[in-house]
Structure formats: structure tokens, C-alpha cells
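Protein chains: 2
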Amino acid sequence: MNERLTQAQIDQALASLSGWSQQGNAIVRTFTLRSFPAALAFAAAVGHLAERADHHPDILIQYKRVTLTLSTHSAGGLTVKDFALAREIDAIA
Amino acid sequence: MNERLTQAQIDQALASLSGWSQQGNAIVRTFTLRSFPAALAFAAAVGHLAERADHHPDILIQYKRVTLTLSTHSAGGLTVKDFALAREIDAIA
Numbered sequence: 001m002n003e004r005l006t007q008a009q010i011d012q013a014l015a016s017l018s019g020w021s022q023q024g025n026a027i028v029r030t031f032t033l034r035s036f037p038a039a040l041a042f043a044a045a046v047g048h049l050a051e052r053a054d055h056h057p058d059i060l061i062q063y064k065r066v067t068l069t070l071s072t073h074s075a076g077g078l079t080v081k082d083f084a085l086a087r088e089i090d091a092i093a
Numbered sequence: 001m002n003e004r005l006t007q008a009q010i011d012q013a014l015a016s017l018s019g020w021s022q023q024g025n026a027i028v029r030t031f032t033l034r035s036f037p038a039a040l041a042f043a044a045a046v047g048h049l050a051e052r053a054d055h056h057p058d059i060l061i062q063y064k065r066v067t068l069t070l071s072t073h074s075a076g077g078l079t080v081k082d083f084a085l086a087r088e089i090d091a092i093a
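Here the protein sequences come in this chain order: A and B. Residue numbering for the first sequence follows our numbering, beginning at 1 and increasing consecutively. Residue numbering for the second sequence follows our numbering, beginning at 1 and increasing consecutively.
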């Protein structure tokens, strides 16, 4: 679970997702909600998934936009945990 | 309410606060909470104040840390609205 993925594995995992892009050692996606309260609620829902997975993305709320940055700091890069959480997030977006 | 403050006014307002610093056209403070759920709850509480004030800071949650960036985009700089919201936030921190 905590093993860094190779770039080939990252490319393959990214190809199976939509809206996420790689930025260095992280994957990033920005969601645009319909209002600031909706953005807050989405951030809270992401937080719930993150706490359950014990894997905590950076969450940036800018009015209606929520930008999530996922990386596995303990592994120094991207792992399957990042892509698993990205899929869980996409399922509630 | 929507008039840009002068640098002298900004300096005076900052001197009356603790923990906030100026970064360009914004004031910024990072709060460290005791856990990720506590950070989420704090972000939600800030969001409630922001919505009531119709003034929306950038809210960045990084595990236990919440960084707030306040600026009045419509004025192109800092206004009394930023410092009023900063004081409200400090009161719940």
C-alpha cells in the first residue's frame, strides 16, 4: 500500500480517471461547486473519506472551487492510496 | 466598506491582531488544530462566518493546519472587511 508507484503505473492510473492531473509527487483536481456553502459541504465530505482512509489530502477552498492535492508523504510520492482515495472522491462529486 | 486601506491603516490594523501577517494584497494566518477532524470543523466554522459576512477567504486545510488568506478582490486589496472577518475568526479560534 505504501510503495511508490512507477511513472508508468501513475500514467496508467491517471488514464483511468478524469479531471486529475499529476503535479510533481501529487495528483490534483479542482472541483467547481454551485456555491460557497456547497464547496464547504463537499470539502467536509472529502474530509470524511480522508479520515476513514487515514489519508489526508490538502484541501483548498476558494469560493466555489475546491482543489484537492493527493500525495503519500510517508512514501515520498504517489501510491495506490492516492488513486484509491481519488476514486472515492470522484464517486461523491 | 469597500475602500482599499492605505499601508499605514493596514499596519495599524495588523498591530491590533496577533498571528496575522500581510502577504501582498492579503492577510494570512495559519491555525494549528489538534486533529484533522478538528481542522475540518474549524474550516466549517470559518465558512459560516464568511458566508454571513458575504466575504470569502481562501481556506487551505493541510492535515491539522488551516491557513486562511483574506483579501477584498473587488477592491484589489485589503479593506476593513478583511480585518473585521479576521477578528471574528480569532474570536472562535
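Just so you know, the hints here were simulated from the structure itself, not pulled from any lab data. Accuracy of the hints is not assured; some may be wrong.
To be verified - Which stretches of chain B does chain A cover? Using the computed rule of at least three CB atoms under 8 Å from a CB of chain A, they are: (1) 8-21; (2) 56-63.
Claimed, not checked - Short, incomplete list of chain A residues facing chain B, as computed with Cβ under 7 Å: (3) A8; (4) D11; (5) L14; (6) F31; (7) T32; (8) L33; (9) G47; (10) L49; (11) D54; (12) I61; (13) Y63.
Where is the CB? At the ideal position from N, CA and C, for every residue including glycine.
Hint check results:
no. : hint  : result
1   : 8-21  : violated (count 0)
2   : 56-63 : holds (count 7)
3   : A8    : 29 Å, violated
4   : D11   : 27 Å, violated
5   : L14   : 23 Å, violated
6   : F31   : 14 Å, violated
7   : T32   : 14 Å, violated
8   : L33   : 12 Å, violated
9   : G47   : 4 Å, holds
10  : L49   : 11 Å, violated
11  : D54   : 9 Å, violated
12  : I61   : 4 Å, holds
13  : Y63   : 5 Å, holds
Violation of the numbered hints given earlier is confined to hints 1, 3, 4, 5, 6, 7, 8, 10 and 11; the remaining hints are satisfied by the structure.
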